[in-house]
Amino acid sequence: MREKDIPRWLLPILVFIFLAAIFAFLFVRRLGGREPLDERSSSIGAIQLGEVNPDRRKPTQPRDPCALLMSDEIEDELGIQLGEPFSEVVDNPIGEMVCTFPGADDEDFPVVSLVVVYTEGMETFLIQNGYSVNHLYAGRNVSDRFTKPVADIGDDAFWGGSGVELWNGLHVLIWDVYLQIDVNSGDEGNDLEAAQNLALIALNRLFNE
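Residues in the sequence shown are numbered consecutively from 1, following my numbering.
Hints in this document: simulated from the structure, not taken from any laboratory.
FRET-style restraints, in silico, Cβ to Cβ:
no., residue 1, residue 2, range
1, T124, G189, 41 to 51 Å
2, I127, D91, 14 to 24 Å
3, V90, G161, 20 to 30 Å
4, G161, D106, 15 to 25 Å
5, K58, N204, 15 to 25 Å
6, D105, F125, 40 to 50 Å
7, D105, F146, 28 to 38 Å
8, P59, E188, 31 to 41 Å
9, G130, E75, 33 to 43 Å
Only a predicted model underlies this, so the values are computations on that prediction, with no experimental measurement involved.
No residue lacks a Cβ here, since even glycine has one placed at the ideal position from N, Cα and C.
Construct the complete structure from the given sequences, taking the supplied hints into account.
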């Protein structure tokens, strides 16, 4: 199979299989060299998580990402007029759900994309083989060259810059939920801050409402 024929959803699973083969080595190495988020000098754009406290006693039930973030909240944050948002469930076994907020003048340009994956929403065979949102998150944190850790939001988070690649946007791992929010306002510095603010709104709505 040529690289270009590999489905996008399959890439994190392939990464998981590779990581599982060398799990002990990577685990020891990460423990030895990784500082807590709030102690990393490279951490950027810290935002207070506030009252986002998932119930870790039970699985989080999947919700449509378009129910977690409103168009007017994005417009207030970015000062950009949006078109009608639309949601889709990606045809893959990880149960990936996407809400896209296009620009008012260009419905093909995603100003904001909110991706949410729940361990509870994955196919049974993945869960039975130990796959979870933790592995999806690790698979998309491709390299320190392309991503930077973000402090004080979720259990772990990183920023992969503006754009539409798998590693772009703000990625948040919290309990059994993986959230990725891409903001493309034309100002990457502003995109990071906006992504954090919007992610916090979505997480508050997911776990507190």
